[in-house]
Each structure stands twice: as structure tokens, then as C-alpha cells.
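Chains as they are written, first to last, in this note's numbering: chain A, 96 to 644; chain B, 57 to 459; chain C, 30 to 295.
There's no promise every hint is true.
[Unchecked claim] Simulated coverage check for chain A against chain C, where a stretch passes if three residues somewhere in it have a Cβ under 8 Å from a Cβ of chain C:
no., segment
1, 458-471
2, 481-490
[As the list claims (entries may be wrong)] Calculated lysine to aspartate or glutamate pairs in the EDC-like style (CA-CA distance at most 16 Å, straight line):
no., chain 1, residue 1, chain 2, residue 2
3, C, LYS290, B, GLU454
4, A, LYS218, B, GLU426
5, C, LYS200, B, GLU323
Since the hints were derived computationally from the structure, they do not count as laboratory data. All C-beta atoms in this analysis are idealised placements derived from N, C-alpha and C, irrespective of residue type, glycine included.
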Amino acid sequence: MNEITCQALPEVDFASVRRIDGLDEISANYAPYLADESKLAHQGADYLFFPTNEAELAAIMREMNKRGANVTISGARTGLVGGCVPAGGAVVAMDRFDKTMDIRWDDETNEWRVTAEAAVTLKDLNDWANKKNFPGLQARASDETLAQLEQYKNDPRSFFYPPDPTEMSASLGGTVATNASGAASYKYKDTRNWIRRLHVILASGEMLDIPRGKYFATDERKFTIIDTAGNRTTLNLPGYDMPKTKNTAGFFAAPGMDMIDLFIGSEGLFGVVSQIEVALDQMHDGISVVQFLPSDTAALDFVVALREEADFAPDFLEFYDGNALALLRAKQIDNPKFIDMPPIPADAGAAIFYDIGFNPDDPDPDFSKLKEVTARCGSSLANTWAGYERRDLARFRHFRHALPESVNAVIGERKKTYPGLHKLGTDLAVPNKALREIWGFYRSKLDTAGLEWVAFGHIGDNHFHVNILPKDMDDLAKGLAIYVDFAKKAVELGGTVSAEHGVGKMKKKFLSVMYTPEQMDEMKALKLALDPKAMFNPGDILDFEGAAR
Amino acid sequence: MLLIDTNTCSGCRLCEKNCPFAAMLIVDEIAVVQDNCTLCGACANVCGEHSITIERAAASPEELAKYKGIFIWAECDESADGESLVPKKVTLELLAEAGRLAGKTGEEIKVLVLSDGRPVDTNPLFAHGASGVIRFVNKLLWPYSTDAYTTVISAMVAAKKPSIFLLGATPDGRDLGPRVAARLKLGLTADCTQLEINEEGQLIQTRPAFGGNIMASIVTPFSRPQMATVRPNVFAVSETPETGRKGDIEDFDVALQRGVVRTKILEVEKVGTAGGGIDNAEVIVAAGQGLNSPDDLDMLRELADELGGTLAGSRPLVEAGWIPHTLQVGQSGITVSPKLYIAVGISGAVQHVVGMNGSGSIIAVNNDPEAPIFKVADVGIVGDAAEVIPALIKEIREAKKAA
Amino acid sequence: MKILVCAKQVPEVTNVQVDPETGTLNRDGVASILNPFCEYAMDLALEMKEAEPEGEVEIVVLSMGPPQARAALLRCLEMGGDSAILVTDRKFAGADTWATALTICKIIEKLDGVDLILVGKHAIDGDTAQTGPMLAELLSIPQITYGVGLEMDEKKKRVRVRRENEGGFEKVQMRLPGLVSVSKGAASRRVCSFESILGARAKDISVMTADDLGLDEAELGLQGSLTQVVKVFPPISKEAGRIVNGTDANAAAHEVVGILKEKHFV
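Given these sequences and hints, build the entire structure.
Written as C-alpha cells, this is what we have:
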């Protein structure tokens, strides 16, 4: 169908929704709701709401819309680009939307699907799915759901929810808004790939219930929304071609696209996602390997080989350059949190961290092709850390978090002398064929500028996080300039300026590197079609003159 | 019964020399056991040919009834000047608990004292409830060695037949206990935190298992004495000892050969605080993984100083080399019960809590409101230790000045 | 030189839940792992092996347990052990530390030329720390407990062990054959390589049962145990205390010091 009709939600008295009034009160007792992980300063907030269900959410939207006020949606506040940092108006905290609503087996697609409210965290969802116990669901559920739950418990296989951003305390709703991805997205793709149905509440207070596979744009990129009064709004989706990489910059747009995808990765600009149905995947036995290699060139060769030869199909492919390893070696010496991390070999010039299928009970496993590839790249399977038990995997996960933490620690120290200092991180991705070129570009620019830097990240998706560690404000300025060059190069090679963090408030200037002014206008028009007063998440992705306050 | 395989016995006389009771004689180049054998197992332990087997049948009720009395091993430390040996505090703790148990069974309490010749003050032992001391003096008995002490203690216990035998679950206590138990084929329960006598007169030995997640109660119905090592700092020392109380001292002779001792201490390295260590401290400030660097320990030491206390820490800090194991609190470290325990940056995993939840007052500082430590703390501060600790130090100093 | 490492498979106790009413352990989702202290024993064995020329030191790993204890042995082989023995039989079920030590003793008596036995200081489920010393007594060999570091003397007839005691450390010399129970040594532990994990699968794991022991059934398992567990219950939990918001450190400190004053700590 090329059109969808909104649903009305039960009327609820706006005055009955729990709210906190006034910036003073909010700052004094609810300060966390004014910030997120980006540490960006807020621009004020007049109200803080705590709705408990969709009807209350709708009541808030209707009232704020009437008053011409802004609404910033606040999930778990783990975002890195200031997405839920308020710019005046109302903050709507989704905290109370923390329940599982349903579980069912889908015969057509052979998957288990869980419906959860927007503030359920990834960590909790995985915990519950793994332990096969969803707190509170049994009390709330219909007989049919209970029967399904029983079936799930009896299913001998283990299941999980694949999107794995490093911060697993992120909310489901937040991950839908940013189309989050993590290391395992190399195999499992981004969040979009796992969303089966959404409830979206629009600025009008009416709700869209969108299952995947039912509502599609036309080949001319048009779609119609009909409200409960029968008014029709036609959406003209932007005409650009999306980059062939992981992407969280700009709206999803393609001819004949499934309309559910419009609301994934659009950072809350079109409405608030209240409920999500996700698909789970089956866990499989794997072994995690940190392969040390003599240089980053060797590491790139290794990655290309793993990607293209044989059927390795790793879950993830992560990279650590020589500078990153050096930083970790240094931090390991004095920080007790690193006690778990094995010593990094002194001669390691780079490392690739990957995970492949492995059956511990197989008496005669054959990895001869892998041995050969590794040898070709100047290393061997002896020069690895490897493990398949949960405890070992925990040690390696530790290794993964250790690097961003170490970078933050270094910056933290330097900020004492230069309070304006901050780290610079890239979130650029390019298509597979451009891997060596973009890496060569990064290295030559950084080394010429004489900056201190480390690089790591999802090399499987050609998505490096290059962290420049400025030593002073001069370095910071140089770094910012270089970052723009990086963004331009990535786009030139067919890539994106934001592969997983989203644009929010902090990466807006990079959008214009990627999109022409006409394309930006198309995005603005689409936004205004769905949210005429530009009420939702002001300051995120797009700027509007004279927007509601 | 003691059986000698005459085919393999070589008449080497090792058993004869090592029998504490002279109950083994070599006759016509074969070992022959005498009537006064107590089945203490010293001979089987030294026999190179494995010719000696001791069969211990499960004791019948009549047999069991022959065992009377509560024995306690008085593990000693050297006095500060090195001139005498002083029973450890855990001995007094055991005496207090034994006194309570003896009140139910009407049994006598005796303390086993092993010395190298230096005097051991027995007055506190009598004051705290012992009616007798069984003593053996020999140069070989200092420092502690597994072999010498196992031989002597096994001999004493086998000869004197107590119903209950208790040791402190100190490193040496847990080294010795199972050795004696295996030699005498006795059931042993380690690291007990509760003791009780049931209706059948059996000793119920209760102890934490699974890292402290569960408590298990254990009996040893088939063997006597019932042996247990008891966790230090769990039972309270009596506050009203009967000073001046007298008891008898029996000197017990054991033939102890130098060759029995197969280990030798080459050097000793003292580490950590002087003066008593953390298990005697009244105030402890404990550090956990939540701290960012070893430098943070300085402010904790300051806080400890202001309160007249001492620094301790959790296992991860010991394993990272920030503090020595002598300061480790927890299931695989030391159990403490100070009047005040301040846990800083400690999450409160059960393995740690099991080592300190007997403390009088517990204060916790952690920036994670969900940290389990808050379930055991009397007062919990949810905040950043880097700010809270200096604020506490400042506030305490001001309070002291005002007082 | 032959080193025997005795290993045990245990549940990962950090995740164990106890039903507060029945006291039963809920082991859902709790993995079975090689006892951490047995891993440390393997660490020491490997250190000794690496200190000697190749082929000089052989490490044999032994575990008494149910059939799935094989996984724990496999891990020891992945770490670098040379061969393994699984001692498994239904008749061993319910064995306490005495029955366990006796069973293992009988197996070791059948092995040739074991010079040194390493065990973990305690298993994280039983927490008794008894099996090692009992085993040593039954084998009539000397012991050193709480070892954190080991070196051989030149003639290979004695070991010198760094031992943890209450006041710090002591260095103890012991004649071989002997037994050492091991506490945690080096701060940062080794990790297996992919190569050693794959290589472990080619190593030998032999199986021995009750029939190999030559013991009367009455001496095995629950029947042969000298201790009996009569009750299992969860520890008593305290009532939660007072929570102070520490965002304003000075206000929090003021409140807490007030409490300390009341209790006469200040």
C-alpha cells in the first residue's frame, strides 16, 4: 500500500501526566535529563514529562503542538552527538516505557520476535532473551502470548538481539532513532535489519502502526498519510542515492522503499517511537581471536583476505593500529581495570580482532585456509589471543572498551591545562573497494600535521574511528580542519560522514559535505510535512529559521 | 587396626624411630605393632615401602561415646621481642565458642600448645575457659612446619580422644587441619562460621560455600574427633575472662625425629602494616576497583588515619599489585569485623561482602546506585569517591577541631 | 620431570542464584568453568616448563568429575598441558574431600614418576582447601600451601616456593616428590593462542573409572565420605540502610560525619 491511516489514541487529560516545571527545578533535581554522553551544553528546558503510556505521550504532543513548544525526546541519554540535549521547550523522558509487551514465533521468516517499549535497554533485552525470562510479561500477557512464551522457553536454542553498539545500556528507541550498529554489524547489519514493526506518535498526537512489508513508497518516492479526520498529506521522499555503506547521516530514501525505514535513523525528527517489534537471531558457537600483525598494511591485507577468500564470515572485524596498541600497553601498566587484559606483544604493529564459527566439541577442526592467509600477512596463529568461553570473551570485550577509555583518560588529563580541549573522533565509512585509499589518506594527513592520534574500529565495514588527541588548542584547530578533509574524502569515495553515531547537533556541518543544498531542502520539506511546526528534537540534523521554542 | 605387610617390610626401622609412643618395634627384621598403638598414623607416613595400612572402621555409637572433650590448637605468634610465644587471638575466640558448646555437653576444654622451648603464657587460656593445657616442647617446633605439627597434633589427638577438635582457619590452620584429618581418617569441615550441638549430641558445622552464596551445615557422624577449622573474626572473644583462674598443664611426650620434617623456611618477608594487621583493626577503609589509580589510595589512607583505622582492599586491587594480599578482604582473603568499615569504590560482590558483613557499621561510597554494596551498608553515599572522600576528610577534621 | 596438575570443573559461582526460600541453587545459565585456582596451578606448571629446555618437563592434568569435566581438561591442554586423565564414574558421586583425595591418590599411585603435584588452593564451589593437603598426606609426600611462585633447584630434587602467609610471604623449600597448592601469582595472566587451542584437540585424554582403583565401593563417593551435608540455606540478608545523595559532596560528607559523631567514631 502507498498510504497509511493514522490511529487515534485514547484521550487523556494533559494535566494528569506527570511533569516537572521550570529549568531551576529540572537542573536541581533532574539534571541528567539535560545532557547525554556527548557532554554538549543544553539550551534550556521549560518542562520535563514522564509519560507512562502511549495515550499520555499523545496528550503531551497535542498540547505542545498547540502551544507551539519544542519537544526533545529523551531515551537512555547514551548518544554521542547531542541528540537528546534540549534546546528549550519540553523534554519528554521515555523512562517509563520499559516493558516487554509480546513475544511470538513468525513462521514465514522463521524467527522469534519480541515487542518491547522504547526505553528497554539492549543489555536488558539480551539478558531476558538469553535467560528466557521477561520480567512482568507473564502478568500482563494474553493467553496467546503466554503460550508463545512457553514455546520460546522450550526452544532448545539460544537467542540474542544482534545490534551491538559498544554502549549496551542504550535504549531500543534510541537505537532505532540512530539506526545504531556495532562491531557485530559486520555480519548482522545495522538496527534497521532487525526492526519488524514500529509505533510512531506524530506531532498531531495520532499514531502510525507500521509493520514491515506492508507500506511502501511509490517508485516516484511518494507516500500518503491520512489522519483520523481524513486529511491527506503527501510525502515527497528525497531524491538522492544513499551511500553503499553503513550510514546514519540523512534520511533513508529510495524508490519503492518500505516506509518503516523512514522512521529508523531519522533521529526522532518525524515523531516519537513508543513501541518496537524486533527479531531475535540464534546464537552460535564462535571463537574470538585477536590477531597481532607486524604493521597496519599487513592488517589491511589480512582484512581483505578474510573478507574475500574462503567462507570465513566473521561476526565482526575490528582494527587497532600501532598507536592504539602503544597507548594500551602504556595504560595497562598502572590501571587496575586493565588487570584482565593480557599483555600486548612488544612487536605487534597492529591487531585485528575477529570472531568466527567454532565448535569446541569438534575433535578435528580445520583452519588450514586461515593459517595460510595469516602466514601470507606476515604472522601466525601462535601470535594471537583466542578464547571461546564466556569468561575469555569478557576479557576481550574489555580490550575493546579499553581503548576509548584510555583515550578519554588522556584527554581528561590534558583538559586540566586546556579546558576547551576535547577529543576528535571520526565516524566515516567508505565502500569496500576504497579501504586502502582512505587509510592511506588518513595516515598521510595526520603524519604530515604532526598530530598525536590512534585509530581503531569496524574495519570490516571500512569504518575507522580515528581519534586525534590534541596536545593544545593549536592541535585542536588543526585536527578540526583535517577532520573536514577526511569527511570530504570519504564522501568523494562514495562513503558517509556518519556511519553509526548519527548527526544530532554535533555533526550538522558535515551533512553539507555529503548533501547538496537542494537535497538538504528536500529533507527539510519532508520534515515539515510530518512535523509542520518543526516541534520534534529541535537542533538535530536540520536547522529551521524561526522554529518553535 | 594397624596391618603390616611382612612381604614388603624391609626392617628399615624408620617406623620404630618415628613412632611418638614407642609402639612399633622391629623384631627379627620385621615391624611389629605393640598394644599401646593409638593409630596416629606417624609410621604409615614415613614408611618407604608402603607396608603399613591402618584400617579405620566407622565408629560405633559405643566407640563414639569414648571420645570426650573439646580440644583447641593454640596457634602462636612470636612476641614483639621474640622472647616468648603468644597464642593468636583466634584461640581466645575458639575458647569463647567452645565454652558455649561445652555448656551444653558438659565437656572439658583443653588447649594444645606446641613450643620450641620459649615460654607460652597459659594464664589467658585458663582465664578464657580452658581447664587444661597439653603441651609439647621441642626445638623442631619453630617455625611451623606441616610435618612436625601433623605428627605431634595427630599423636595428641589420637591418644587423648577428644570429641571435638577445633583450629583457627588461618593459613597454617588450613594447612594443618586437613593433614591431621587425613592421617587420622577424620571428617573435617573448613572455615566454619557457626557451630552448634544438635539433639543427638553431634557437632553441626556451618560454613559458607559457592563463594559465600550459600551456607552449608555439615556433620561428621562416623569419626571422632569431629574436626573443624573456624574462620577468625567471627566469634567474639569473651569480654569477661575469669582472670586468675587456674588449670592443669600436662606435658605430653612425642618422639619427633628431625627427618620427619621435609620442608624448610628459607626467608620471611613481612609486608603491609605493622601492628596487628587488618584482622584486628577497629576501623577499616577499604578500596575497590571503582578507584581510578593507585594514587587514590593516598586519600583513603588519610581518611583511615583521621579515624584511627587502617587501609584494606578487595581482591582485584591485590591482583593488580596495588596492595599486598595481607590487606585483602573477602572469601579468598581475610575476614574482618571492625567496628566501622568504609567501602570505597567497592561494588559489593558476595565474595567480598562475605569477608566484612560482620562489621559493626558499614558505610559505602560508590557512584553506581545499583551497586550491591548498598544492600549491606548501613549508610550508602551515591557519588564520586574523588569528591566525597576529600569532603569527608575535611568535615572530620573540622568536627575534631570543634570538639 | 613430570608435573601433575589436579584440576576441577566448577560452576561460575559469581552468577549463581540461591532461592531465598528453599536454599536451592539455581544453575540456569551458569557456565561450568575450570576452577580459577586450578588455572593458576596450570600457570605455575607452564612457567616451570618454559624455564627448562624443551621436552624436559611434562605436564599431565588430572580431573575427577562427571563426563563434562572433560571440558576443563581440554582447557588445561589448550593452555599448554601435554596430556590429560579424566577420572569419572557414577560411583564417585557425592564424594567429600576425603573420598575425593582417596580416589585421586589411588590413581596417582598408578602413574609413573610424578615429581610434583600442583593443585589450586581451593575450588570456588566447595571453598574447603582440603583436598590438596589430604591427598598429600595419603601419598605420604610433603606439602606447601598458598604458593604463588615456584622455582626448581639445580639438581631438580627440591622446589622453592613463595608462599603467602598472614604477615606477607615466606620462601619455603621442599623435597620432591611433593605437593603445592596454588594461589594467584602474576598479576596479568596469560591467554591461549588460537594455535594452542587447535593443538589441544590432538592431545590425549584418557579415562579411568572406579574399576581402575582397586578400592572397595564402600570407600567411594557418598558412601565413603566422612562428612555429610545436612542442610543448605541462603545467608541471611541484612535490611538495606540509608542512602545519601553524593552529588553535593560537602552536604553528603556533613550528613555522614554527623552519623559518625553519633556513633562516637569521631
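* Hints violated by the structure (listed by number, smallest first) -> none
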